[in-house]
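Undergrad: Residue-level listing of the chains:
2 protein chains.
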Amino acid sequence: MIKRGSIINPEIQAVLSSSNRKEGIKKLFADMHPYDIFVLCEDLDNTQIAECIRALGVPAGIELFEQFDDDRRKEIFSCFSGEWMADILEEMSHDERADFVKNLSPEKMEEILPLVARAERIDIKKLIEYKEGTAGSILTTDYASLPPNISVKEAIEKIKLQAFNRETIYYIYVIDSDRKLLGFVSLRDILVAPSQKLIEDIMHKNVISANVNDDKEEVANKLSDYNFLAIPIVDNDERLVGIVTVDDVVDVVIEETTEDIYKYGAAGEYIDYMKANPFNVARQRAFWLLFLIIVGSVSAFILQKNTYLLETVVALSFFTPLLLGAGGNAGTQSSTVVIRGLAVGEIEMEDVFKVIKKEMSVGICVGTFMALVASVMASWLDKDPRLGFTVGMAMIFNVTLATSLGAFLPILFKKFKLDPALMSGPFITCIVDVVSLIVYFKIATIIFA
Amino acid sequence: MIKRGSIINPEIQAVLSSSNRKEGIKKLFADMHPYDIFVLCEDLDNTQIAECIRALGVPAGIELFEQFDDDRRKEIFSCFSGEWMADILEEMSHDERADFVKNLSPEKMEEILPLVARAERIDIKKLIEYKEGTAGSILTTDYASLPPNISVKEAIEKIKLQAFNRETIYYIYVIDSDRKLLGFVSLRDILVAPSQKLIEDIMHKNVISANVNDDKEEVANKLSDYNFLAIPIVDNDERLVGIVTVDDVVDVVIEETTEDIYKYGAAGEYIDYMKANPFNVARQRAFWLLFLIIVGSVSAFILQKNTYLLETVVALSFFTPLLLGAGGNAGTQSSTVVIRGLAVGEIEMEDVFKVIKKEMSVGICVGTFMALVASVMASWLDKDPRLGFTVGMAMIFNVTLATSLGAFLPILFKKFKLDPALMSGPFITCIVDVVSLIVYFKIATIIFA
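Which chain is which? The protein sequence lines are A and B, in order.
Here the working numbering is used: the first residue of the first sequence is 536, the next is one more, and so on.
Here the working numbering is used: the first residue of the second sequence is 536, the next is one more, and so on.
It should be emphasised that the hints constitute simulated quantities derived from the structure, not laboratory data.
Take these hints with a grain of salt, some might be off.
Identical chains share a label here; the pair holds if one copy fits it or two copies do between them.
Pairs of lysine-lysine, DSS-like flavour, derived with a Cα cap of 25 Å [to be verified]:
(1) K693 with K732
(2) K732 with K562
(3) K562 with K740
(4) K889 with K661
On a predicted model such as this, the values are computed, not experimentally measured, just so you know.
Start from the sequences and build out the full structure, keeping to the hints where you can.
TA: Laid out in structure tokens, this is it:
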């Protein structure tokens, strides 16, 4: 692998300004993986990259183009002539192409699409219509397929013809003349089968597929559960419309995890952080902050209601941050473990009571420990032993409530088909704060009465 | 796909208690994917599962066995005779086998290993010695390989022979007699090449590999960057020792994400939650809680130092939970975005100043907005306009500090090669709490003087 910022960069510059650019570039990048070429070219100007792509030609140049993200692709794309633009669109892998075209402006689309071969144009138009987040939005139509009634020998010849422009030829789907999915064979199956046998006799008939409208996360999980290299995607009439390949699954997993993590941090929807301006970032975060401050403002009312107590025992207010902080942290821990457990299937809905009971027990253990620490601190700051007792009792209650709610609320959300990740640290903390303050002052009222 | 709890379960029970069990089971599960059989068998007794595995034989039974997690495998394994145990170990895929054997007790290992064929025994012993977390710990030795100096035609014959017991035959590694890695060919390359050509003439010489001691997360990222189905793993002398396949990458990504998420929630190291008892869970979480309560206890001292102020303006204490809550939430948001950005490479170390500047701007925007909300609330609870002003000013400072530290501390940690995820919500909150209280009372001292 070539590291970013490798010294070969001036070499590329030199070749690009030489008289025999095309041959020079071809030689420089010979037998290199597109990802390595990408790493080397990443910091060049868009026009220079376009030049490299032209020099590398089909397929190496197209593969290089596919390595860039959509925004960069757009910039590089605009350095090409109309004819080259059409070439690129015709040669790109079908799923990458659909993603790319989706992000072009309607004017740009209208300008280029007529230049693209008809069959490819129809494919683009079909793919960009699938709804974001569905299997349709990540599928590719360049899969390998076979009819059922040919021999293994004929099949190998047919596969050879398809080998150059298919995303994978290791899984081959068997379809009838209506494109109905009948079965699948792996290239491994074909390779070891007697050459006179018919495909329909060696194919797996019990084929696992997903519907084009299924959630892409579900499709990714299915593919990974079955350890497949690709999964066929069918429409409502069981007709094959495309495949989702394993390399897309890793991307889906990373993307979905980012969404989950943003929810853990109450940070709103994911936006392209490096490109967004501060005002947009602020606007996107303000919603949850406002929601939390409104719930949290109840705490101010509770404290105001206890003005008399706060005036007589001012030391009570010394410990509110400590108490609420500990509850918040314990609740964050427990909701983190439960939300992640639900997401990866470690915790299933039938374990509900077991989990809540466990978190309650954890809360009592941890709460007692924290209560000891807090009481010692309270006795040190204030000679009155009643204060240490009040803080300790409130701490046990507070931490136990926090761990219990940290388990209960995400499970409750899941039960009602809401996203459990919404009940993460900040929300649990906010709710626990309010309840804890009420209990703290109730205990104090009794003790100091 | 078959859903969990499918009605076919009683059918399995019926077949298992019939006189012709073996044939019955074979017929019931004919042409089914091992994952589907696993879903159907999951809730059976261990002895019944062992029976299914025996009936299905090699390879279907072994593939079924591999679907269970290590703990369940151990239970099922103990239902077999010694001979069957040896058969299972000989037939399992090599990486799964190493993982499984690693978790057996030393006595059990000593009991079974002598029954296993010598070559397989050596393989097991070699694989279980690789350090946890390295490429070695997830590699498999059942890869397909070829010598360089044979023709494509001969190669196809050799691959056919390897097809039955290799993890993948789609990537084939070319090695010399010393096992030195010379190149690789895909089955696709072989299929389309003229049959008289030599492998060394069609192989890719610029082969991307990883070292056996590399971090497994790095290897997973590399494989996914290059969109490979497998990546060869070499020792320090560039000799091929095994491959890591793409299906393991998804597992690695999910596992590493769980570790990260636990850090976000200050929930300590990952432990098997459903199996751990509450006391162990509590012990594992108590460390960070204790750490946070100790840092947090400084807040009690700050409040005590301001006793006079709290006695004269008791309303000041009404707003501490609200103020600290808002700071904590804003800091959690910002650290969430920055930590995740660093993890997926969206934020790079050269963007440091840009990110900190952005978070500071976000803090000023959001802080001003929150200050308005809080001031209105303060004026409503207490007629004195000085209170609203104090709370508002403190809020702007507090939120800006929180978002700035939420960006700065994870980046600082990364700079010093510490895990940025350690500077997540709970820690940022804890630090911001202390500083904010100092500032709040400083402002109050000036305003109410």
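Undergrad: Are the hints correct? Go through all of them and say.
TA: To see whether the hints hold, each was checked on the structure:
1. For a Cα distance limit of 25 Å, the shortest separation of K693 from K732 qualifies both inside one copy, at 15 Å, and across copies, at 21 Å.
2. Taking the shortest alpha-carbon separations for K732 and K562, only the inter-copy value of 23 Å comes in at or below 25 Å, while the best intra-copy value is 45 Å.
3. Within a single copy, K562 and K740 get their C-alpha atoms only as close as 47 Å, which misses the 25 Å cut-off; across copies the closest is 15 Å, which meets it.
4. Taking the closest pair of Cα atoms, K889 and K661 never come within 25 Å of each other, the shortest separation being 48 Å inside a single copy and 40 Å across copies.
Figure legend: structure checked against the earlier numbered hints; the only hint not met is number 4.
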